[in-house]
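These protein sequence lines map, in sequence, to chains A and B.
Under my numbering, think of the first position of the first sequence as 1, with each following residue one higher.
Under my numbering, think of the first position of the second sequence as 408, with each following residue one higher.
FYI, nobody ran anything at the bench for these hints, they're computed from the structure.
Certain hints may be false.
[What the hints assert, rightly or not] To list a few chain B residues with every Cβ distance to chain A over 10 angstroms, as calculated: (1) 518; (2) 524; (3) 592; (4) 594; (5) 601; (6) 614; (7) 632; (8) 643; (9) 698; (10) 714; (11) 762.
[Stated by the list, open to error] Here are some chain A residues pointing at chain B (derived, C-beta under 10 angstroms): (12) 59; (13) 141; (14) 144; (15) 182.
For every residue, glycine included, the Cβ atom is placed at its ideal position computed from N, Cα and C.
2 protein chains.
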Amino acid sequence: MEEHSTQILFQIFVIFTAAKLLGVVGVRFGVPAVISEIVAGILIGPNLLNLVQIEEWTQALAGLGAIILLFDVGLDQKLSDLLKVGKTALAVANAGVVVPFFLGYGLMLLAGYGQIESIFMGAAMVATSVGITARVLQEMGVLKTVVATVILGAAVIDDILAMIMLAIISSLREGVDYVQIATVTGMAIGFTVFILVVGERVVRRVTPRVQRFAGGDPMFSLALIICLGLSLAAAKIKIAAIIGAFLAGLVFSEEELTTRLKPKIHALYEFLVPFFFVTMGMQMDLRVLARGDILLLASVVTALAILGKLGACGLAAYRLGGRQAIQVGMGMVPRGEVGIIVASIGLGMGTISDEIYGVVIIMVLVTTLMAPPALKVLFAKPSAPAGGAVPPPTAGAEPEQSNPPSG
Amino acid sequence: MEEHSTQILFQIFVIFTAAKLLGVVGVRFGVPAVISEIVAGILIGPNLLNLVQIEEWTQALAGLGAIILLFDVGLDQKLSDLLKVGKTALAVANAGVVVPFFLGYGLMLLAGYGQIESIFMGAAMVATSVGITARVLQEMGVLKTVVATVILGAAVIDDILAMIMLAIISSLREGVDYVQIATVTGMAIGFTVFILVVGERVVRRVTPRVQRFAGGDPMFSLALIICLGLSLAAAKIKIAAIIGAFLAGLVFSEEELTTRLKPKIHALYEFLVPFFFVTMGMQMDLRVLARGDILLLASVVTALAILGKLGACGLAAYRLGGRQAIQVGMGMVPRGEVGIIVASIGLGMGTISDEIYGVVIIMVLVTTLMAPPALKVLFAKPSAPAGGAVPPPTAGAEPEQSNPPSG
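Model the full structure from these sequences, guided by the hints.
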């Protein structure tokens with residue numbers, strides 16, 4: 001075989017294996033796969049071991065990974081459930097978007113950065129990682145409590161608001177132009193509404209016909225074609241490709257379709273998504289943290305990212321009672337994939353620097369790492385009357401089942 | 408988003424959609440997906456519509472497609488069944504390898520081509536496409552007849568012999584060096600034996616431990632890591648990467664493991680394999696057929712490819728009776744993916760020309776297209792006593808169920 005294709009195969013092998021091996025190690029310590037894969041990327045990337053470099057094909061695989069990731073996130077969110085989400089969840093979501101955005105934006109302006117870089121930082125601080133929180137809640141068996149419902153509802157709305165924000169900022173190239181922001185917002189909303197209204201009807205009509213074709217799984221092919229097509233359409237009208245993928249997921253999120261699509265999408269997910277996160281890690285240069293000012297900025301940004309969500313979302317959920325409000329606030333802390341995506345788009349556009357990219361990655365790593373153990377402590381049954389934890393007054397908010405807090 | 412990543416996304420969308428759309432059209436006319444995808448590649452590729460070009464990322468995706476394809480082929484073939492295959496199957500396989508190889512090799516030498524190009528042509532004429540024949544037999548409900556068993560057993564042995572041949576020829580760069588051939592053959596056999604003997608034991612021991620890890624599907628990850636790792640190992644010792652993937656499939660083909668792996672591998676297959684065949688089609692320049700000598704060569708090669716298998720394999724199966732022998736011969740005719748892989752490796756190494764690549768593609772297309780309808784006619788129940796088709800004398804060789812021949 002040719003030298004170069006062997007070289008590509010070597011890099012694919014190293015990326016995938018490093019991601020999965022670190023994932024296995026991570027699972028033992030309760031570290032989510034997102035984190036393990038980013039760390040794998042930092043390790044094997046050009047800034048440390050230099051086993052792999054970012055080339056065009058790496059970006060193609062990473063891009064496919066991001067598209068499948070967002071398609072899967074969309075698949076998990078039923079539109080009908082979204083519309084049913086209560087007032088509390090809506091309040092939590094809004095608070096959790098507005099406060100962190102302005103904290104990030106304001107801090108960056110204060111630190112002397114430009115408008116666009118400040119907006120990117122604000123946007124990266126907005127999105128809650130539904131996946132990580134949902135998984136922790138599921139592992140603890142408290143998915144059906146009021147607190148969990150509020151957290152998940154709010155996180156989903158958060159994600160959608162973050163997507164709209166991303167649609168806007170991904171069009172900001174040369175500067176802040178209010179006419180352009182209005183245009184893109186209009187297009188993004190129009191695109192979203194059009195796809196959700198027309199898309200679901202088309203899918204419902206086309207699906208029964210597609211089923212009749214033999215050969216492979218035509219539904220799976222159709223889903224991928226629509227996912228790739230909407231991603232392309234989004235990219236063509238200058239909003240991020242992943243927004244199209246996310247909307248495609250929403251269109252297919254109808255119960256019956258999803259149950260058959262999910263396992264297949266998951267297989268693609270398990271293969272492709274690691275390429276996305278490892279590539280994200282490869283772009284992180286740990287040396288930026290050697291600079292005192294960047295390290296300070298990273299610390300302040302991370303602190304604000306935690307306190308902003310904890311405070312704003314906790315306050316917005318005050319009606320659930322004190323302990324529950326804190327649980328909701330903590331559930332909204334992990335940033336995960338969407339924050340990374342915002343930062344990588346900024347880096348790709350050349351609108352944010354390597355330093356700011358590094359700061360965002362640190363913020364995402366810390367918020368994502370701290371949330372699971374913190375949630376476990378907060379959701380633990382107050383069996384020992386040590387800390388004066390009074391049983392919560394609100395009925396129905398009691399965790400159905402919980403594990404002892406782990407170290 | 409950046410212009411270039413949108414461009415890549417556009418090409419990914421076009422390749423995948425064209426492959427699947429043509430696949431749907433093809434299914435209506437009984438055309439196998441391999442063919443539809445190659446034709447899609449010819450259509451959208453640089454030589455006709457020029458919607459897509461071959462770039463590094465296309466080759467990376469196509470390479471992954473070939474690896475998953477061969478892994479899947481390996482998964483389908485149980486080692487234990489292989490060892491049980493009868494004498495007739497062995498005779499059919501050997502005849503079906505030796506005769507077509509020397510027909511192709513001899514013809515090319517006669518036509519004035521060099522040693523290496525002639526060897527490549529011989530090798531491309533060897534491998535029977537297990538997938539296509541198996542699918543036709545399955546659709547007709549005759550998979551459990553003696554004829555089907557012989558065909559499938561022989562096709563599997565064929566594939567393995569073709570792989571060994573491929574291992575040898577992929578190391579032929581500058582010329583025919585018998586010492587080198589001996590070395591590579593030794594290495595290929597050693598590699599194969601080592602992986603099959605050691606590999607299966609390791610997999611059996613490691614699997615129960617891997618199962619205990621939470622997070623994702625560790626078995627699937629392990630299978631992919633081993634598949635990519637063995638592909639890389641094969642490429643490093645200068646035999647084709649896909650041989651490693653094929654061996655990895657054989658290692659995992661143990662019943663219990665396969666049933667859980669298969670659906671996930673199939674999801675990857677459905678996404679990635681089209682990139683391989685479309686890319687193969689993209690490299691085909693139909694204009695080479697405007698040259699009279701090439702068209703003549705293509706016709707003769709195709710005729711020999713059909714008659715070689717039909718005659719050699721039919722003769723080797725004479726003991727099954729006349730009609731059954733012809734059925735076996737015809738079942739061995741389609742070349743499918745392995746022929747294409749041989750040609751593409753030759754093209755990539757620069758050892759075969761665009762013209763010869765075109766000839767191989769034509770041969771593969773024709774043999775693969777003609778086999779399914781021919782098999783349907785040959786397997787049809789001789790209900791009308793028109794053609795003097797005497798009921799076969801051999802017991803157990805009667806098709807269990809068959810459909811009327813389709814137009």
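A quick look at each hint next to the structure:
1. 518: The claim holds: residue 518 (chain B) sits with its nearest Cβ about 27 angstroms from chain A, beyond 10 angstroms.
2. 524: 18 angstroms, holds
3. 592: Holds, because the least Cβ-Cβ distance between residue 592 (chain B) and chain A comes to about 17 angstroms, which exceeds 10 angstroms.
4. 594: 14 angstroms, holds
5. 601: Given a closest Cβ separation of 19 angstroms, the condition holds.
6. 614: Answer for residue 614 (chain B): holds, closest chain A Cβ roughly 14 angstroms.
7. 632: 5 angstroms, violated
8. 643: 7 angstroms, violated
9. 698: For residue 698 (chain B), whose nearest Cβ neighbour in chain A is about 28 angstroms away, the distance exceeds 10 angstroms, so it holds.
10. 714: 30 angstroms, holds
11. 762: Residue 762 (chain B) clear of chain A: closest Cβ-Cβ about 21 angstroms, beyond 10 angstroms.
12. 59: With Cβ-Cβ at 7 angstroms, under 10 angstroms, it holds.
13. 141: Violated - the Cβ of residue 141 (chain A) stays beyond 10 angstroms from chain B, reaching only about 15 angstroms at its closest.
14. 144: 21 angstroms, violated
15. 182: Nearest chain B Cβ about 20 angstroms off; hint violated.
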